[in-house]
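Kindly generate the complete structure, drawing on both the sequences and the hints.
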Amino acid sequence: GQNIDQPTEMTATEGAIVQINCTYQTSGFNGLFWYQQHAGEAPTFLSYNVLDGLEEKGRFSSFLSRSKGYSYLLLKELQMKDSASYLCAAGPSGNTGKLIFGQGTTLQVKP
Amino acid sequence: GAVVSQHPSRVICKSGTSVKIECRSLDFQATTMFWYRQFPKQSLMLMATSNEGSKATYEQGVEKDKFLINHASLTLSTLTVTSAHPEDSSFYICSAKGVQGTQYFGPGTRLLVL
Chain A
1 GQNIDQPTEM TATEGAIVQI NCTYQTSGFN GLFWYQQHAG EAPTFLSYNV LDGLEEKGRF
61 SSFLSRSKGY SYLLLKELQM KDSASYLCAA GPSGNTGKLI FGQGTTLQVK P
Chain B
1001 GAVVSQHPSR VICKSGTSVK IECRSLDFQA TTMFWYRQFP KQSLMLMATS NEGSKATYEQ
1061 GVEKDKFLIN HASLTLSTLT VTSAHPEDSS FYICSAKGVQ GTQYFGPGTR LLVL
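Protein sequences, first through last, are from chains A and B. Counting from 1, one number per residue, gives the positions in the first sequence under our numbering. Counting from 1001, one number per residue, gives the positions in the second sequence under our numbering.
Hints are not guaranteed to be accurate.
[What the hints assert, rightly or not] Below, a list of computed lysine-lysine pairs in the PhoX-like style, where the Cα atoms sit at most 25 Å apart:
1) Lys-1041/B <-> Lys-81/A
2) Lys-110/A <-> Lys-76/A
3) Lys-1041/B <-> Lys-110/A
4) Lys-68/A <-> Lys-57/A
5) Lys-57/A <-> Lys-110/A
6) Lys-1014/B <-> Lys-1066/B
These are computed hints drawn from the structure, not numbers from a lab.
See below:
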């Protein structure tokens, strides 16, 4: 079956580093996406990992291990504006292009 | 690049009326668009996959006669909620599939049915 798990909530301090984990049990997907969604807004694309390893993009980095069915999003130098929900998604799936979304991790950054 | 617009951003309607939501890819062509619904504090729920020039594919449990989808061009897909009821009130979000299968989301439409 298709299953993606993320922690529901996390709290971190401004200026710190936080790692949001995502484990998945899916088949037939190409890679792993991370999206950010602020309250009341639509998701925005953060990263896409196809190959194993770490992809760095500014303050945000994303890691993928296909053999372990595991990914994480690393946020450095946390800012208050990073308070949001972070969604991991596996896909695209075959010819449909569908993504399978996790339930999202709500991150609260405190001063 | 990869900008997706959605219109309207908010709509309030009476029970029993129909509401049309437009989703446009502004700077790229999208043969495939997706329609999601999201209730408060819940994750995205895929409703249907919209393919240009063909019928939409609906997810299990989504009524195709109630949620009409039309994808008439490579930059426009529409979702019509027919005979809307209060339980249809939700945040409707579209996305357009770009390169590498990345989905780019529209800003969403908040529907309130009275």
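Results of checking the hints against the structure:
no. : hint                      : in the structure
1   : Lys-1041/B <-> Lys-81/A   : holds (19 Å)
2   : Lys-110/A <-> Lys-76/A    : holds (14 Å)
3   : Lys-1041/B <-> Lys-110/A  : holds (20 Å)
4   : Lys-68/A <-> Lys-57/A     : holds (23 Å)
5   : Lys-57/A <-> Lys-110/A    : holds (23 Å)
6   : Lys-1014/B <-> Lys-1066/B : holds (16 Å)
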